[in-house]
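Undergrad: Residue numbers (my numbering), protein chains in the order written: chain P, 1 to 396; chain R, 397 to 620; chain G, 621 to 795; chain W, 796 to 1400.
Below, simulated DSS-like cross-link-like pairs (lysine-lysine); rule was C-alpha separation at most 30 Å, straight line:
no., chain 1, residue 1, chain 2, residue 2
1, W, LYS933, P, LYS322
2, R, LYS607, G, LYS766
3, W, LYS1231, W, LYS1282
Think of the hints as simulated: they come from the structure by calculation, not from any bench.
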Amino acid sequence: MSNTIFDWKKDRSMFPEPDKDGKPVVELDSQKYIKVWQGPNHPGVTGNMALELTISGDEVMEAKTHVGYLHRGFEKLFERRRYMQCFPTSIRMCVPEPDINEYNLSRGTELLSGIEVPEMAGWLRMIALEMARLQVLLRTVPGQGGTIGLGLPAQWGLYYRELILDRFEELTGGRIYHMYILPGGVRGLLPDGFKKRLEDNLVKIEAFMKEVDRVVYSNAVFKKRTKGIGVVPPEWIDQYGATGPVARAAGYKRDVRKDYPYLYYDRLDFDYNVEHESDVFARFHVRRKDVDTTIDLLRQIMAKMPEKGELRAETPNVLHWKIPRGETLVRCESSRGEYLFYMVADGSIYPRRINLRGPSYTHGVVLLEKLLVNANISDVSSIMVSLATCPPEIER
Amino acid sequence: MSEKKDIPEDMFLAPENRKHTVTGPDGEVIHVDPLNDYFCQDLPKVEAPYKGVLEKFLNWARAESLWVLAYGTGCGSIELPPLFSPRFDAYRFGVMMRPTPRQSGVLIISGYLAVKTLKRAIRSYEQMQNPKYVIALGSCTINGGMYFDSYNTINRLDHYLPVDVYIAGCMPRPEAILAGFNKLKERIKSGNAEGANHYAENLEWYKANQKKIIKDWNMPTYNW
Amino acid sequence: MNEIIEHIKKRFPVYEIGEGPNGVILMSVEASRLVPMLTSLKTNHGYSILVILSTVDWLEDCKFQLTYIVNNPEEKRDLGIRVFIQREDAEMESIHTLWEHAATFQREIKEMFGINFPGSPGVDDQFLLEGWDNKPPMRRDFDTKKYAEETFFPRPGRETNDPAAYMKQKLYPDE
Amino acid sequence: MSLKDIFSPFTAWGKAFEKPVTIKDPIAERPGADRYRGFHKNDISTCIGCGTCETICENEAIDLVPVEGIETKDGDSGLRPRVDYGRCCWCALCVDVCTTGSLSLTNTYTWVEEDPEAYRFTPGVDEKPWDKEEKGWKKPEPGYEFYNLNRVTMEHLEPEERDDTFIEMVKGFSKEQAEKEADRCVECGICTATCPAHMGIPEYIKAIRNDDLEEGLRILYDTNPLPEICGRICTHKCETVCTLGHRGEALSIRWLKRYIADQNPSEKYKKILNSEFIEKNGKKVAIIGSGPSGLSTAHYLALMGYECTIFEKLSKAGGMMRFGIPEYRLPYDQIDKDISYIESLGVKIKYNTQVGVDITLDELGKKYDAVFAGTGLHMGRSTRIEGTDHKNVYQAIDLLRKITLGEEVPLTEHIVVIGGGNVAMDITRSLARLQKQKYGKVGIITTSLETEDKMPADREEVIETREEGAVVNPGWAPQYIEIENDKIKGLHVAQCYSLFDEEGKFNPQCNLDNLQFFEGNMVVESIGQGMDLSYLTEDLKHDLEIDRRGRIKVNEYFQSGIPWLFIGGDIIQGPDVIHGIANGHKAARGIDEFLFEEKKDTPKP
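Isolated chain P, as found in the complex (with noise of 0.2 Å):
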């Protein structure tokens, strides 16, 4: 911990300047600081989002986080729509890894109106679960060093998630949105010959990552510019709720699948995927590792699942199904950390609130707004990035 922010602050800032109390003054007019937008329309923002940076120099000084260019009140429509209803809506919720939402709504009904799903819809949903992890990790990793123009990975990268995109498209019909997991069960069994074809493309994923690893991972710039940049403090992650790979770089164990284990998750051998610098670069560290975990449980998945088996349970008729009052939480991992719905049901055929709270809710926010100052403002991008935040699931 000798590399961090706290050291910096003292050989790098000049500004602000503390006031009596300490407080650190950011006056604009004094001409020593300059306001940048960086976003909404910034390739170097994840998403539709902006960050209202003060700078002097090349260093951040305050930053302020702008969300709500996504936001289409998701959790109104959800008043408006019968359980049913809300699932296609809901995926939307987050577009780059929408199965965590599907999943996390069907259980949530399924909770609430006590319904068991069978075994085989069970794990298909754990397919799906990882395969949406492996893409969007694949989007992510090699995309880690597009932020410090290491562009070219990252194009591989979609390459490789476009393979995946495929065998999704093969098993739900949708390249983005899935739409695969609903109330009740899955909707399909996986076609002929797809194992196979999935296993193909793993071992190419996997051939990939090492060429990830040559040209990312021990990339001197890489490292140069990643390692001691954006440290969170370990006492920060349960104070502000951080989760994930964010908290798993900072020495935490947290993971939900092993916490709190859903599915068929307990019968899966896998282990926390820990760093201790919680850096950027011990978070790319932890996602890379992701990865491999992530492959390794498609194919446990694949020799474990039974070949045969049930879609969907029996429940009410989807056009009237009515949930007895009660409220329920469900959470799941998703590639960003803990994903969490909190489910209100009031006994009539439409949900009461389906509250979304996503891991960049705070990572997003509070988190990437304390990290980022004093930070470069060439830096702020990887920051962000390592962050994965995600505006949609903030604003939802």
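Place chains R, G and W on chain P using the hints.
TA: Below, chains R, G and W without anything else, positioned relative to chain P:
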């Protein structure tokens, strides 16, 4: 530069856009009037196309170099990176991403537009150079899509910006977007893609629609 | 787990204790006792993570329900605490001193439901909306469809028929 | 950091020698996957316009619109879904919920337009390039249904439990069963048009789901004052058009109706139906016959404040419902429940009073403001083959009446029944029960002109008849009854191969080479019933218009050529309870209009 009547009233302006004075580190006092100093106050003009072969040649040139503003306004933007990745490689069709509006000629509205983004999309569009084109992706731009009843997303894009091509899908796949570019090329070559002129001609109507939704209009009427 | 519940029961007037379908324990408490209770849970019982701060609008009862769910990462347990407050001029004590990111939740709730959290940093700033001049949109008495139809120019020319009504009109109009 | 870290990134150059992954022509080379959710396709000949797709669509993207060339008829609303691609999100819930399986998605996904209005089309009607595409999203494998396609099994008495007793054989739904069955309903409302009384079927099923049976009863009584009876013996035409029947089993609408009626205690009826206080309007109406149409008329007129008197020939009310239907199908106490409610509204029933004998129609016409005649079909028809004049040849309808009245019923060990309708099954099963009681075994053969697949009787009736030990041997035309020593030996039949001639007239053709002999000492004829209009005197008949087939002509409100005389029920519509009820309801409205809107002078027969 002096048409004051277009400037909205001071009270609606964002603090940084209001007239104010700044004292520099050396003690110099500077008066700033951001709207007059930073924005052009001229309203857009209709630019009549050239006649004959010249216009045809220009249209061919325009059609073959479509520079897209890399602004992911909605969920459809998830399919734009694959479009520019090795597999689909839109560059070979003359389609190319640019980071700023000043360099781009095509604005892709990728799906739904929240009111807050609409404001930015309008500014981006107005800052783009003529001739400029708009491609609308997905159901949301046609009739609201799955957010038709949301309080924060627009229903039809053609009320706010002149749209050249609509691509169906939710989301349209990269292949469909490429087909959309082909259609746009045809449209440009046939000389029908006069969206910018249409916008200039009907500016009042467009502005009225825009201002109906954007309640805190804290910028100049036309952001050029 | 039961010891904690017993402990809480002794110290705080909790009611409606029940276990949700996913093992989360939910209980209700008076609004005035919430902050002491959360402080106690955080400092003495290891409930160190604020998972979610959510609001439910019970329009028919004229009440807002605020749900604070806290998590104990060691025991891997969730505890949900419900607080019911009046819908009129709704106001609630801020918990940003306990968890800094609660300010984000509170800012959103202020904007979406109109519940005020005095003292919460930036609570009056616009969070997701821009220039909103209507009722807070997540309140149940705000009709989003009506608002959208009035504001956003839905494409005209759509009409639909109810099969039963249409058949009546076609086959037996007078009966 | 080492020297390796500086050089290893240069391995990226290696990619320059790999085969490119770029697709040459992405638009043409990449069809969607086999399951891809692309654009909509609809088989409009299978589609019935039930609108479940519209209901499930969370984006309100689907409209139901009339389509040229598709007519509205029973079981088909004549509407077809039109999809708005300015709304659709391609979730394919509409495909998964489709009741007929006509809707599907193709794997075509490219559609670019300059005109946004073009994105609205009716799949299957508006021609699209992908109409021929076979691949694409279809409803997944069996076991994936959005609603239950199978009926909740209705519990019956087992054949061995029921074959010697007249105890009601259908047990009725329990609460759980009824709610489960009601949950299957998709609320399309296609059935309402087919129901002769146009009952609010989806509404009362919804009331069951909401466990609001009082509301359910109110909905029933809106259009049907005999729910207990209808809930048991209605011909349930609604179930034949039920949308669920296209891929699974139709909803048990009749049993659900019965459930509502059964669960509401009769003493609460007046309170639930809000009929405790009815203001009388001082007009008097006479009703001839206490069958379904008469009771229905009386009920609705009584609610409107009329003073109604029913004249019934027999000693009990209910008409054909009581005297034509055996007790094991419709217990008498249930008939009493419905009738006693109607009586409680102030309707008087004069038993053992035959109009035309005890009192003439003319007198009625003078004493009352209007008269409704629902006298029904109570005269058995004979086959008129050789031997039918024998004393041991009976009419089914007469025997059924005797059973109900508790009179002695002639019985032998071997009986032959002629007829293939429900009445034939009723008499067969009733006689079989009596045989079982008397002789300990069943010896009865039922034969009909129609072959098995064309028999007018309900399928389940035939099956149950067989379960109870009777023989059903259809497809034979009776030739003559063999009589030896004044005793019936049996019935000679010949194979019947066609019922109607080319013009559609009833003209059975038999194959006289294929003969059969059914042994029996008693023959029961059950080939239909005729009406007894003897109460109509000649001068009244003079004013009535009677069509070619002998039916009296009435206007849409069942008003006959004589303005004060309304005629309805079986004599107009043919034998059917629910039609009778519907007639009664309409006639009540007609009478109300006739008496209050001064239409006295302008009768429109």
